[in-house]
Amino acid sequence: MTTPVLSVKDLKTHFFTRAGVVKAVDGISFDLAEGEIMGLVGESGSGKTVTGFSLLGLVDAPGRIVEGSVKLKGTELTTLSTGELRSRRGRDISMIFQDPIATLNPMLTIGQQMRMAIDAHERLGARASEARAAELLTQVGIPSAKERLRAYPHEFSGGMRQRVAIAIALLHRPAVIVADEPTTALDVSIQAQILFQMRDLARETGTAMVWISHDLAVVSSLASKLAVMYAGRIVEQGPTATLLRDPRHPYTAGLIASLPAMAAPGTPLTQIPGTTPSLLSLPEGCPFAPRCDRATDTCKTDPSMTHQDNRGWRCFHPVTRTAEVPA
Amino acid sequence: MLGFIIQRFLQAIVVMAVMSVIVFCGVYAIGNPIDIVIPPEATQEIREAAIRRLGLDLPLYKQYFIFMANLLQGDLGRSFVYNVPVLELIGGRLPATLELVLISVISATVLGVSLGVYAGYRPESWISKTIMGVSVLGFSVPSFWVGLILILFFAVHLGWLPAGGRGETVEIWGVAWSFPTLDGLSHIVLPAVNLALFKLAMMIRLARAGTREIMLTDTIKFARAAGISEGTILRRHLLKLISIPILTVFGLELGSTLAFAVVTETIFSWPGVGKLIIDSIGVLDRPVMVAYLILVAFLFVTINFVIDLVFALIDPRVRQGATS
Chain E
1 MTTPVLSVKD
11 LKTHFFTRAG
21 VVKAVDGISF
31 DLAEGEIMGL
41 VGESGSGKTV
51 TGFSLLGLVD
61 APGRIVEGSV
71 KLKGTELTTL
81 STGELRSRRG
91 RDISMIFQDP
101 IATLNPMLTI
111 GQQMRMAIDA
121 HERLGARASE
131 ARAAELLTQV
141 GIPSAKERLR
151 AYPHEFSGGM
161 RQRVAIAIAL
171 LHRPAVIVAD
181 EPTTALDVSI
191 QAQILFQMRD
201 LARETGTAMV
211 WISHDLAVVS
221 SLASKLAVMY
231 AGRIVEQGPT
241 ATLLRDPRHP
251 YTAGLIASLP
261 AMAAPGTPLT
271 QIPGTTPSLL
281 SLPEGCPFAP
291 RCDRATDTCK
301 TDPSMTHQDN
311 RGWRCFHPVT
321 RTAEVPA
Chain W
1 MLGFIIQRFL
11 QAIVVMAVMS
21 VIVFCGVYAI
31 GNPIDIVIPP
41 EATQEIREAA
51 IRRLGLDLPL
61 YKQYFIFMAN
71 LLQGDLGRSF
81 VYNVPVLELI
91 GGRLPATLEL
101 VLISVISATV
111 LGVSLGVYAG
121 YRPESWISKT
131 IMGVSVLGFS
141 VPSFWVGLIL
151 ILFFAVHLGW
161 LPAGGRGETV
171 EIWGVAWSFP
181 TLDGLSHIVL
191 PAVNLALFKL
201 AMMIRLARAG
211 TREIMLTDTI
221 KFARAAGISE
231 GTILRRHLLK
241 LISIPILTVF
251 GLELGSTLAF
261 AVVTETIFSW
271 PGVGKLIIDS
281 IGVLDRPVMV
291 AYLILVAFLF
301 VTINFVIDLV
311 FALIDPRVRQ
321 GATS
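Residue numbers (the UniProt record's numbering), protein chains in the order written: chain E, 1 to 327; chain W, 1 to 324.
No lab work stands behind these hints, which were simulated from the structure alone.
Do not rely on the hints blindly, as some may be mistaken.
Across the chosen pairs, the derived CB separations fall in these ranges [stated by the list, open to error]:
hint, chain 1, residue 1, chain 2, residue 2, range
1, W, Leu-2, E, Asp-60, 23 to 31 Å
2, E, Ser-87, W, Val-189, 44 to 52 Å
3, W, Leu-71, E, Asp-60, 55 to 63 Å
4, E, Ser-81, W, Leu-98, 44 to 52 Å
Capping the alpha-carbon separation at 16 Å, the derived lysine to aspartate or glutamate pairs in EDC-like fashion look like this [stated by the list, open to error]:
hint, chain 1, residue 1, chain 2, residue 2
5, E, Lys-73, E, Glu-130
6, E, Lys-23, E, Glu-284
7, E, Lys-73, E, Asp-99
8, E, Lys-146, E, Glu-130
9, W, Lys-221, E, Glu-122
10, W, Lys-221, E, Asp-99
Quantities reported herein were computed from a predicted structural model and do not represent experimental measurements.
Using N, Cα and C, we set each Cβ at its ideal position, and we do this for glycine too.
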């Protein structure tokens with residue numbers, strides 16, 4: 001196996017609030033190979049977005065990375081100075097956000113905003129910058145790109161704005177893109193277009209992606225591997241196909257069972273009982289235990305990650321659809 | 001864009017017309033100015049002759065129409081007290097107010113926005129907390145008292161700056177200005193500071209609130225994720241995004257300070273229009289009051305119009321709304 005472009009080890013990002021310490025990300029690890037797409041799945045508040053921001057070193061106070069390592073192309077990011085970290089952002093790793101209406105500055109033209117992103121890392125000059133910007137816009141599927149550079153964000157549709165944001169994120173051909181639910185705010189038809197365009201772009205340019213989503217259905221059509229997050233931890237990870245066919249963690253199993261496609265027409269959708277626990281008062285041991293029908297007294301202690309082949313899960317009582325699961 | 005300008009221009013004319021009626025009726029209601037104009041020992045005949053000469057015997061609407069007819073020919077009447085054309089009287093005083101107010105409002109805005117952006121950018125630092133604490137003082141301490149203290153301290157006690165007057169002036173385009181001379185400038189400092197304090201406090205609060213809000217948006221996060229430096233983010237993203245409310249308040253403050261810098265002008269014996277209007281109200285100098293208040297309405301309308309144009313210039317969404 002080749003060395004991963006992105007390697008996260010035991011990453012912990014905590015928020016020090018007046019009400020107490022919120023362990024938004026509490027010891028997650030994963031590797032990402034060149035061009036690989038990993039889906040990071042979980043409910044709202046499970047720590048997906050904070051994970052994304054932690055990778056770029058963009059956690060706002062009162063939060064900070066308290067432990068762990070983020071290695072990008074062999075460079076440790078967590079110990080870099082602010083300036084060095086800034087010079088990596090946008091060049092080696094970049095991020096796209098959920099709401100394309102909020103990400104672009106409504107008072108600057110697309111061209112001005114792309115120029116700023118180019119200037120942050122390269123001295124190109126006006127003409128070369130414009131050519132690069134137009135090239136990227138064309139690549140993400142925006143017609144007559146040169147003219148569109150002079151347009152303002154409000155002259156674009158939501159889907160087009162997200163394409164512009166993607167073009168900005170791709171300007172410097174970063175090794176890794178963190179995509180934080182970039183299609184959630186869009187129409188379903190546009191969603192699919194952008195999804196597959198991103199997959200093709202990743203394939204062409206060798207850019208690896210962390211695709212954050214609460215929607216297992218969306219991610220599974222895109223990502224070659226999955227990490228399922230619950231209460232700040234990855235509770236199960238592995239190749240997408242394996243996880244979907246044969247989940248081990250009861251939470252993963254619950255997510256799959258609650259997909260609308262899994263329900264027979266006319267029957268109510270399956271749901272996981274209860275709600276996500278408050279990160280301020282996590283139950284002792286396995287955080288999923290209170291919602292889990294397989295929980296026993298053993299679950300009062302914290303399960304560690306069980307590894308098998310290329311997958312892993314954090315559960316004492318894994319679901320066994322196939323046999324030969326180690327106890 | 002042209003349609004927008006024409007539309008705003010017509011609106012302005014309506015506002016001015018309505019304003020002239022209100023002002024005229026209001027001033028009429030204050031009382032009869034005739035006793036001010038003639039000496040107390042004047043006979044009944046002289047008194048009635050004066051009333052007729054000034055047109056005070058006519059019904060209100062006729063007086064108004066005569067006034068408007070003259071106004072449209074650029075004649076705002078003569079002051080009862082000084083017996084000179086009102087326009088000349090106000091025109092002679094306006095530059096003094098104009099330079100004082102422009103200097104004070106512009107410096108309050110520049111300084112206030114800088115301090116406010118800093119306080120919003122680093123809300124936890126002690127410098128920011130100091131800035132915010134001091135800004136509360138700017139709001140709560142009455143400005144006439146600050147003026148007196150400034151005079152006591154800098155003029156009387158330290159003797160660094162003059163206590164009042166305009167100092168040495170220079171004629172530019174036939175108008176006297178204080179700011180080009182060092183002596184004139186030293187006379188402007190104290191009243192300008194006095195006028196600026198409240199506005200400074202307001203600009204700080206406004207800029208801080210805007211900065212705190214904008215810095216949390218995805219626009220800033222996205223810019224950071226693209227590796228854009230903090231300086232560029234502040235200059236090119238933040239300042240533009242917080243500019244609309246700041247410009248609005250800037251326009252309003254500029255107008256109201258130009259019109260009502262009375263207190264400061266009185267304390268520092270600054271010979272501006274504020275002092276003129278207060279004196280005119282005291283002696284019921286009707287033409288001066290009417291002309292002045294209409295001028296104030298004109299100033300507000302003009303400033304707001306310019307501010308709207310600036311909005312359209314910096315915000316493409318406003319521009320589009322204006323053309324469609």
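Hints versus structure:
For the pair W:Leu-2 and E:Asp-60, the beta carbons lie near 45 Å from each other, so the given range of 23 to 31 Å is not met. The beta-carbon spacing between E:Ser-87 and W:Val-189, approximately 45 Å, falls within the hinted interval of 44 to 52 Å. For the pair W:Leu-71 and E:Asp-60, the beta carbons lie near 59 Å from each other, so the given range of 55 to 63 Å is met. At about 50 Å, the beta-carbon gap between E:Ser-81 and W:Leu-98 stays in the expected band of 44 to 52 Å.
The straight-line distance between the Cα atoms of E:Lys-73 and E:Glu-130 is roughly 29 Å, outside the 16 Å bound, and the hint therefore fails. Note on E:Lys-23 and E:Glu-284: the hinted pairing holds, with a Cα-Cα distance of about 14 Å set against a maximum of 16 Å. Taken as a hint, the E:Lys-73 and E:Asp-99 pair is broken in the structure, with Cα atoms around 29 Å apart against an allowance of 16 Å. With a C-alpha separation of about 8 Å, the suggested pair E:Lys-146 and E:Glu-130 falls inside the 16 Å cut-off, and the hint holds.
Between W:Lys-221 and E:Glu-122 the CA atoms are separated by roughly 20 Å; this puts the pair beyond 16 Å, and the hint is violated. Taking the CA atoms of W:Lys-221 and E:Asp-99, the gap is near 12 Å; set against the 16 Å cutoff, the hint holds.
Checked against the numbered hints given earlier, the structure breaks hints 1, 5, 7, 9 and satisfies all the rest.
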